[in-house]
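> Listed here are the chains, written in short residue letters.
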Amino acid sequence: MNLWLKIICIACLIYTAVFSFWHPMAPGGLEVSAKSFHPGRNEFSFTGYGSHFLQEKQSMQVFVTVDSSAVYCADILSVTDEAHAIVSVFLPDTLSSNQFGFLANNNIDGTLLVEAPVGSEGFTFIEGTKNDSCHYEVKQEEHMGFGYPFQPIIIESIRNLMWHVPMWFTMFALMIISFIFSLRTLSNKSGTPDLNFDRKAAASAGTGLVFCILGLITGSIWARFTWGAWWTNDPQLNGAMVVFMVYVAYFILRNSTPDHDKRSRISAIFNIFAFALMVVLLMVMPRFAEGLHPGKSGNPAFSKYDLDSSLRTVFYPAVLGFVLLGYWFYKINEKIRILEDQQEENHHDEKS
Amino acid sequence: MSVFSALFVKEVRLELRQKHTLAGIFMYVLATVFVCYLSFEKIETPRTWGALMWVTGVFTAFNAMQKAFSSDGNGTQLYLYSLAHPRHIILAKSMYNALLVAVLNVISLAFFLLFFGGEVIASADFGQLILGLFLGSTGLGLALTFVASLAYKSGTGVGLVAILGFPVIIPLLITIVRHTTFAIEGMSYLQNSLNLLILVVLNLLSFVLAFILFPYLWRE
Amino acid sequence: MMKNLNRTILTSLLFMLSMTPAFAQDGMEEYFYESGKIKVVVVVAFVVMVGLIIYALSLGRRLKKLEEKKS
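Protein chains in written order, with this note's numbering: chain A, 1 to 352; chain B, 1 to 220; chain C, 1 to 71.
Extracted from the complex, chain A is given alone in its bound form:
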C-alpha cells in the first residue's frame, strides 16, 4: 500500500479515536419526575443533560405543552444544579388531550425537549382547547454551536456511530473488492481461472469477515444498552448474521477443495452468489421490513439528524480511516497467501 495512504489511514484513525470522545454532547432534556397530573398546581422536576440551568437561571423558562398545540407556563421554584430545576405548573380543568410534552428554555442551551408519558386524572378533554396566557419562543443555541446531537435513550452512546458503523462500511468495501476479483477469476480469457485473482478475492473476503465479526460484537453491545437485549429481531441484525454465515461457508468451501484450479472456480462462483445475497440482505430487505435501526419506522434514532454536521465531521474520516485500514490488512493478507502458495509449490517441486 502507498505510504501516503497509510499515513492518511493512521491520521484518520487517531482523529477518530480522539474526537469521537472529545466533542461535547449538545445539551438535551433527560426526564421529568412527574408521574400524574391533576387540575391545579403540579410540582415536578425537570432534568437536563449537559445543560446550564444554574448558570442561566435568569433566562430559564419551563413549559408544559398539551397535544403540542396548547402551552402552559411553569414557574421555576428552585434550580438545584446545572441539570435539575424544580418547577410547578398550573393546569386548568379543561385540556385538549392528555398528550403532555415538556420544554425548557434558556439562553445557553436553547430549547430542550422531553417527551415522557405522564398520567392524568380529573380533567375533562375538549379537543382544540388553547391557552392564550402563555407564550413561548424557541431559543436558538448560542454557545453550544458544536456538539453531537442529543438523542433520548441513546445519549452519549451516539458516539458509537464512529466505531460500529465504519465496520460495516469496511466490510462492504472489502466484499466488493472480493466480488470484483471473483468475477475476474472466472472471466479469464484462456479458460483456466486466474489464481492470482482468486487469492485477492479470498484475502479481501477474509479481512472483511474480521470486520463483520467486530461489527456484530459491537452492534450487540450497543443493542443491549439501547434496545435492551443482546440480540433483537431486527432485519439488519439478522441479515448481518446471515452474511457472516455465508462468508464462513465460503471459507469452508475453499478449505474443503484441495485442487487449486477447481477451488478457485468453485469459490469464485459461490462468492458471487454470496455477494448478491449480501446486497439483498443488507441493502434491500431492511428497507421493506420493520426494524429498530435508523431510517425505519418506530425507532427513536438518528432519522432527524441523519446528516448532522457535527456527526459528519468525525463520521466521514472514521469511515475513510477504517476502510483504508481494511485495505491495508487485505494487502498483507494477500501477501501471506502468495507466500503460502509459493512455499506449497516449492514443497511439491522438492517431492517430485
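Among the hints, erroneous ones may be present.
Calculated pairs, SDA-like style, for lysine to any residue (alpha carbon to alpha carbon, straight line, at most 20 angstroms) [stated by the list, open to error]:
(1) K6/A with K69/C
(2) K69/C with V248/A
(3) K67/B with M27/B
(4) K335/A with K39/C
(5) K64/C with E344/A
(6) K67/B with F40/B
(7) K153/B with V248/A
(8) K153/B with H88/B
(9) K70/C with Q342/A
(10) K69/C with N346/A
(11) K35/A with S96/A
(12) K130/A with D67/A
(13) K70/C with E344/A
(14) K35/A with K130/A
(15) K39/C with V165/A
Below, a sample of chain C positions facing chain A; criterion: calculated Cβ distance under 8 angstroms [said to hold, decoys possible]:
(16) F32
(17) K37
(18) I38
(19) A45
(20) G51
(21) I53
(22) Y55
(23) L57
(24) R61
(25) K64
(26) K70
These aren't lab readings, by the way, just hints derived from the structure by calculation.
In this text, a Cβ means the ideal position worked out from N, Cα and C, and glycines have one as well.
On the provided structure of chain A, position chains B and C as indicated by the hints.
Frame of chain A; chains B and C shown alone:
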C-alpha cells in the same frame, strides 16, 4: 428446447426408476410431520403453523437435493457434458428439482392437515397459501440445486450442501414463513404483496445466477 | 510478536475481569447507564481496537514465519 425437455424427461425417468429414493424422501416427510405432531400435539397460531411447515419444507428440500447431482454417475456426467450445453443441464435440473420440492411440500401440507386438523387454517386464503407454497418450494429447489452443484464439484460429498445451503436459504425462509403466516391469517393479496415480491425476486435471483454461473462450474 | 500478542490478550482479559462485577446482572444496567451511557462507547471502542490489534498481530506473525521459512 428439445434438449431441455429430453433432459427434463431423463430426470423424471431416473427418479421413477430409483423408487427407493423417492420412497425414502416420502418417508422422511411423513416422519418429520409426525414428529412435529408428537412434539406439538396441537398448533394454535398461524405463525407456528407457518414456521413448522417451512422448517419441514426446508429439511425435506435438503434431503431431496443431496442427490441432485450425485445420482448421475461420472460416466453420465461426461456423456451429458459432451451432448448438451451446461445451461440446458442446469435448466432441466433446476426445473425438475423445483417441481419435486413443490410436490413434496404439497404432500407435507396434506400430512399437516391430516395430523393437526384444519382449524388453524380454516380462515386461510387458500389461493395465496398454495401460491406461497409453490414459490417457496421453487425458491428452495433452485437455490439448493445450485448449491448442490457446487458441493458436488468440490468433491467433498453431501455434507457440504447443508453448510453452504443453510445461510443461502435463510432470507427465503424468513420471507416465506411471513407470507404463509399472513396467508393463513386471511390477509389480502395487497397486504401480502411485499412478501410475494421478495419471494419472486429471490427466485429470480437464484435462477439467473445459476443460469449465468453454471457453465463456468461445469467446465473441467 | 508472539509476546506482544500474548500481552494484548492478557490485558484485554484483565480488563474484562475488572468489569465482571459490572456484568453481574443486577448492577450491569446501572453501571452502564450512568453518565449518559458513555461506558458503552468505551467498551465498543475497546472491542474494536483490541480486535483489530489482535488481527494485525496475527497477520504479522504469519507473515514473519513465512518470510523466515523462505530465506
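> Mind listing which of the numbered hints don't hold for this structure, in increasing order?
1, 2, 4, 6, 14, 21, 23, 24, 25
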